Structure formats: structure tokens, C-alpha cells
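Sequences are here, hints too, so could you generate the full structure?
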Amino acid sequence: MRFVVRRLGFFLVTLWAAVTLNFLIPRLMPGNAAIAMMSRYKGHVNPQAMHAIEIAFGINVHESLGHAYITYLGNIIHGDFGISLTFFPDTVAHQVFQALPWTLALIGTTTILAFALGTLIGLVSAWRRGSALDGALPPLFVITSAFPYFWLALLAIWLFSIKLGWFPESGGYDVTTTVGWSWPFISDAVYHSILPALTILVTAIGGWILTMRNNTITVLAEDYVRMARAKGLSPWRIMWTYAGRNAILPNLVGFAMSLGFVVSGAILVEFVFNYPGVGWMFLQSVENQDYALMQGLFLMITVTVLLAILVADGATAILDPRTRDRS
Amino acid sequence: MKRLMILALVVGLAATATACGGSKSSKSGGSTAVTISNEQGTTWTCGFNPFNSSVNFLSFGTVYEELTFVNGLQSGKTTNWLAKSFAWSNGNKTLTVTMRPGVKWSDGKPLTADDVFYTFNLLKKNPGLDLNAAWSVLQSVSQNGDQVTFNFKTSAVPYFYYIAGQTPIVPKHIWTTIKNPVTYKDTHPVGSGPFKMASCSPQVIKYTKNPSYWQTGKPTIETVYYPAFTSNDPANQQLASGKAQWGSQFIPNINSYYLNKSPDNHYWFPPLVNVSIFINLKDPILSDVNVRRAMAYAIDRKKVSEIGEYGYEPPSNQTGIVTPTFSDWLDKGLANQVNYDPAKAKSILQNAGYTMKNGVFEKNGKPLSFKIINIGGYSDWVASVQVIQSELKKVGIEITPENLSSTTYDADNFNGKFQLSYNGNESGGPTPYYELRQLLYSKNSAPIGQPASSNWERYSNPQTDKLIEEYGATTDLAKQKEIVKQLEAVMVNEIPVIPVTEGVDWYQYNTKGLSGWVTKDNTFAKPAAYENPDWGVMLLHLKPKGSS
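Protein sequences, first through last, are from chains D and Y.
Per this note's numbering, numbering of the first sequence is gapless, rising by one per residue and ending at 347.
Per this note's numbering, numbering of the second sequence is gapless, rising by one per residue and ending at 1243.
Just so you know, these hints were derived from the structure itself, not from any lab.
Just so you know, not all the hints are guaranteed correct.
As the list claims (entries may be wrong) - In silico lysine-lysine, DSSO-like type, Cα no more than 27 Å apart, as pairs:
#, chain 1, residue 1, chain 2, residue 2
1, Y, Lys819, Y, Lys867
2, Y, Lys1161, Y, Lys1174
3, Y, Lys956, D, Lys183
4, Y, Lys1027, Y, Lys1161
5, Y, Lys848, Y, Lys901
6, D, Lys183, Y, Lys938
7, Y, Lys804, Y, Lys880
8, D, Lys183, Y, Lys1207
Keep in mind it's a predicted model, so treat the numbers as computed, not measured.
Listed below in C-alpha cells is the structure:
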């Protein structure tokens, strides 16, 4: 019980600190949103429009920092993140909810897949150390995970979309399909996500393999594994319930953390593939000095990461009694 | 066993890929749809408010229309659009517009002079919507039957372009119901134009033709797809593969990347406004006209164009007249006065009392060494400035580029916090007068530290101001040209800025299924898809190939 209260208290204090920093940091940045807006149009907007834009965006409205902070806290509690400048006059909440499903589906699925596959390959290759599988897959994926993502993704586009024509080179779906919960649209969206998903998998899987394989090898040297062998249990059962279950603990925490980061999207992936997700939106908000959007996204990421850590703490406490005792 | 699972997964994925791959087929012959590839670096908000500067290019021209179309490639030639006719009176201080009868909004209600009257009063009441600052020159607007009368504070001929050509007319019966027009999204715009917005998602906007459009029998195109591109490469790829037929962006190495991919691929980059070196005239050294003149002679503009701009943007001349677009306005004698001549540049400086020391000219211990600000993200401008740097070095002038983020760069330009600035951000207009006015009119300037709207070099001369105002009082083309030629003389004699290359409209087009495109010989509208309302005019001209 004390453990839970302590963890929750820690969570709340961190959350408050994050929310406050989130309020302060964008306000310490130099620049002016109207000028940022003008430069996005490369001078196609009449220079005299500047003043009109400032009026429209409510820029140069003088408000004390303390007052702004209180309004900000109040709005957050009501789930109101304000109006985005980049997507003026749309609200931040609406824009984020539009982009979030794409990111969750692509990055979320690939994160889970990379974790599952990586852990599996790591476990099996540690179990069959020296086998052909162990000799091939871990080194291969460790090498691919060291490739710069940008380069690998562009190479994949060049090979699979431009040369071979197997996959579309960009976008979340074909522009001529109608968006909705229909089979043609969903299959089209899945088809568009294969290439980005594969490139993420290939670059992300190596890390999971390596840690899982190393953990398993350490665990395999433990007495209880030797005991299990001596009892004559099937190798299948030893691998899963004795070695795997213990070796996965550190990976599990890492996994929870990476799930928390899913909502921040993958800027590079979304940029290279012109994918309509949150990561790209994040970049955009910084470039346009869109405080409201930036704050909304930061807050969402912070809260999910904090929640993920909380869950990971809880999970570790349940799976590993030692962590509970020492608290 | 696990290997089997992975194998099964790979096979499964491959099967999905081939299954889906089969469903794609390319159209051949005449096409009734056009797809635009214009990278805006953003997804769509699905807002279409024509007075919102970030989305007006998506509705003005197709959904909403102007009173009179002003052709920026034919020295401002006018075509009456929603207006049937217009007339100037009262010393060109009063503009009377007569409305075209029989025009309907897409919801069936008639478009009348009342809507025009309402639109301009809407701008007056909400300065946040008045993107062209119409009410900085307008005195009043009144309506009488099918006529709308605009009264200006001064003679305002050049403002016709902004009032009649750049102001979208909106339906009164819809906009009167809106609480706050400035933050109004306008997700389902009701306009008078040739297209209706049919559906919108953050990734793509679909427009379909307005069957009751007032220009009978038009448009012949049924559908327009406007996908959102957040980066250049996928947008260029769509153009090269022919999936998009109308492009409006920079493509590096365009001949091998785009042109050679298909005999149907074409491009044309009409120059519209200069990219220049802005010289801060309040700088103690740069205020010496000899230094500025030496710089103007020292730069081989052709070399900058070829190396820095892949030859896409042609070299400028010192008069500030963009050629060939505005060649009619050019005084060739003046243009030839300042040609590339490094020896002359050196002699100008020597005659003005500058002496060479360690390869750099100086006077009173002050070397001719300056900083030039530039946008770090524009790789072509960065390359251009490198060429300029080496050219100036040859005549003993040292410049150091500072490649900034566009936000910092803009703020520095507006506030005059630079010595030299490489800049092509003037908006220009349908005749060369507009750019010269933006550059030279002292009312567009401001003291250092305060934002100037377009006269960033801080040029000020009452004589020049008088010329600029005189142009505003005449509708006589011959007289207008005579005034512009005098402004060209100001550019050549005083060198307030040094035009280097001519910024262009980016325009690629595919003639496989569609005809009627703007070409070098048929300049009926500015051809880039981001030009509004011109893109609506372009779409009205497009026809499925094979149809008459």
C-alpha cells in the first residue's frame, strides 16, 4: 500500500512539474507567430496583411504571466488546449485527435511487433546458441538497426516503390479513395502502411533481440534452470517458463517506456513517407511557433510516458517481489 | 518452428501486397480528373475561409470568385468576372462596378450587388479579414441597384488589383449568420465558382464541378484532387510518375527527374518578382552610393542564375523590371548601363577614394566587409550567395553569409537589422510598378527597429514618392509606362537594391489526358497552383484530351 501511495505521489509531482515547464518553455523561445506564418507563405501574402494576421491570431495581446498560467491550468483541466496557429482556426484537440489514430496504428503496431518478434528471436537464439539461427538473425538485425533510418527508408522507397512498384511511395491512403470504415479504404490504408512498418521493424528489432538474448544467457546459467533440466522437464517448457519469464523483466520495462513514446510519433517515418501522423505535426508546431499545439502535444507525450512508467513500475512490482520488499 | 512463423508472416505480407497492387490501374486517353501536387508542408485543416491567409489558396478561385480577373502575366489585362463592367471617375478616386446578372451561389440563391456591398463592409468591420489592407485606401462603399461604388481617399488606380482582383466575394445570406468571421472555419463553403468542395480529409481535398456555373458549359473537368504533401520528395515523385498532373514546386535536376520520364511532362517557370540584395541604406558605409554601384557591377548575375538556381531563375537587370514577363516596360538603355564589369567596379571604388589593403578595399580604416543574411533552409539561395561572395571578393569587397532560420530572418528584414539581405519576398503584382512601389515607396518603410512592410532597405526620396503617387492617378498605359521608366532610372542611379535573379512561378504539367494548360505562348493566368484566383482560371481552361 505504501508503495502505491509513494508511486502515485511521485507521479503527481512529476506531472505538475511537466505541466509547468510545458507552459514556460514555449514562452521563453524567441520569435513571433505571425512572422512565422508569413515566412511559410514565402511572401505570397501581401506584406500589409501582417497586421491583419496579428489581429486574427490574437498576438501581441498583453497578459501577465501569472494570469496566463492560471488560465492555462484551468483550460487543461477542461481538456481545452486552445486554437492552433498552424491549423487556424481549428482547435488543437481536434487536430491531434485526427492525427493520433494514424500514429497509434502504425507506430503502436510496429512497436508491439518489434518487441514480440525481437524478444522471440532473442530468446530462441540464446536457447540455441551457436545454431544457424543464432549465427544469422541477431547479427543481421543488429546491423540493420544501426542504419540511419532516413537512408534506409529512402532506399526502401526507391527499391520497392519506384523500381519494383510493389508499394505506394507516400501517404496514408490513396487520394481517390473515400475515407471511412469501408473495406476498400481499410485495405488501402493497410497497404500504404506496409512499407513504413517494415522499415521501422527492421531498424527497431535489433535492440530487443540483443537485450533479450543477453538476459536469457545470464538466466540460463542460474541454478533453477539447471534444476529444471535435472528434473527432466521438456526443453520447450524450460525455455518459456523458466528462462524466458525471468529474462523478459528488463525488456518489459523498456517496452512500457517505448509504448509511452508511441504517441510522440516518429518524425522521420512520417516525414519520409508523408504520413499523416502526430510526429510530423510536432515538427510543424515548433517551426511555426504554434505554442498551443506544441503544449498540447508535449502534455500528451509527458502524461503517456508518466503513465507508462507507472504501469511498468506496477508490473515489475507484481512480477518481481524483490522490488516490493525493498521499498 | 519460429522460422516457420516468420516465413508465414512474410508470405502473408507479400500476398497482401500483390493483392492490393492489382487494384491500381492507370487511366488512359482523355481524363476528366486532375490531381494537383503542390507541397505546402502541411496537412489540410478542411477550413476554406477565403479571408484566412493560410487556407485562402484552397477556395479563392475555385469556390469563391473575384469581381474582375487581373492577369499578372499580361501587364494586368482585365477580364470581367462577377462584374459586368467597371468605370473610374472623379479623378480616379471613384470606382463604379456593375454586377453581372444571373450569377447564382451554389445553393441556388442569386448573387447581387448586395453581396459585394456586404463583403467589403465585412472587411471594414473585421480588419483581421482585410488581407490586402483595402480599407487603408478606401473611404466608403455604397450600393445602388446592380452597382457598387468605391470611394477612395486618393487616386487609387493600382488598388483596382486588390479591390476587384484579389477580394473574394462571399454570400451575405450565409455570412450574416456567423458569429465571429475571423475564426470562422467555413468547412462547407458556398460560393459562386466553377467548383464545389465535395469532401475533405487532412490528406486530400476533392472538388467536383458546379453544374450550375454561370459560364455556361464550363468547367469541362469533373473532379479536382488536391492531396496534402508535408515534404517535397513524395510530391515530386507523384509528378514524375504521372499520378499528379499539375505541379507547383521546385524539382532538383528537373530534366532527368521529370522531363525525361515521359514525353507528356512539361514545365515552364515564368519569372514574376526579383530576388535581390537588399542594402541597408542606414548603414554608414553602405549609404555611399559608390559602394553599392561597385557591387552592382561586380556580380555576374548569369553565373548566379546558372550555379545557384540551376538556371531555373533567369538573371535580373538593375532596373528591377522582370523580363520577359514585363519586357514592354523595360528601358533597355537603362538596363544596359549596369552590366557585369568587375574592372569598372574596382575603378568606381578607386575614384571614390577607397584603397586596397590585403585584398579588401577600405576608406578611413573601415574595410568594405559586410554580413549578408539569408534563409539557411533555401539551398538555392545559399548557393547563390556563395557565388555572389566569390564575385565580390574579386573586386575587393568581402561579404560573410549568415544563414538564419526563416523566422529570425524575416524579423531581421522587417526591423532593418541587417547590412545586406538576400531576399525575394516582395509580393509583386500584375505590372512591374507594384514591385517598384513595394521597394521604393517611403510609406512602406519604417525607422530601424520597427517593422517595415516591404521597403526593407529603408529607401526614402520625396521625388520618388511623387512619381509613385502620380502612377496611382492615371489609367493611361502609356503614361504609366513612362512613370515606371523613371522609377527604373531611380533603381539604376541610386542602387537601393541589387536585383540578382528573377523569382519564378513553379509550374509542371502533364498533357497525357488533359489539354488547355497555360504555356509560354498562352499566358492566360499565372500557372502555379498556389496562385489565387488564377488557379480557378486554369481549371476552367483544362479539357479532357480529345474533346473539342
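Here is how each hint holds up against the structure:
1. Y:Lys819 to Y:Lys867: holds (15 Å)
2. Y:Lys1161 to Y:Lys1174: holds (14 Å)
3. Y:Lys956 to D:Lys183: Given pair Lys956 (chain Y), Lys183 (chain D) holds - Cα atoms ~13 Å apart, limit 27 Å.
4. Y:Lys1027 to Y:Lys1161: holds (24 Å)
5. Y:Lys848 to Y:Lys901: violated (42 Å)
6. D:Lys183 to Y:Lys938: Status holds; Cα separation ~16 Å.
7. Y:Lys804 to Y:Lys880: This hinted pair holds, its Cα atoms lying about 22 Å apart.
8. D:Lys183 to Y:Lys1207: Status holds; Cα separation ~22 Å.
Hint 5 from the list above is the single one not met by this structure.
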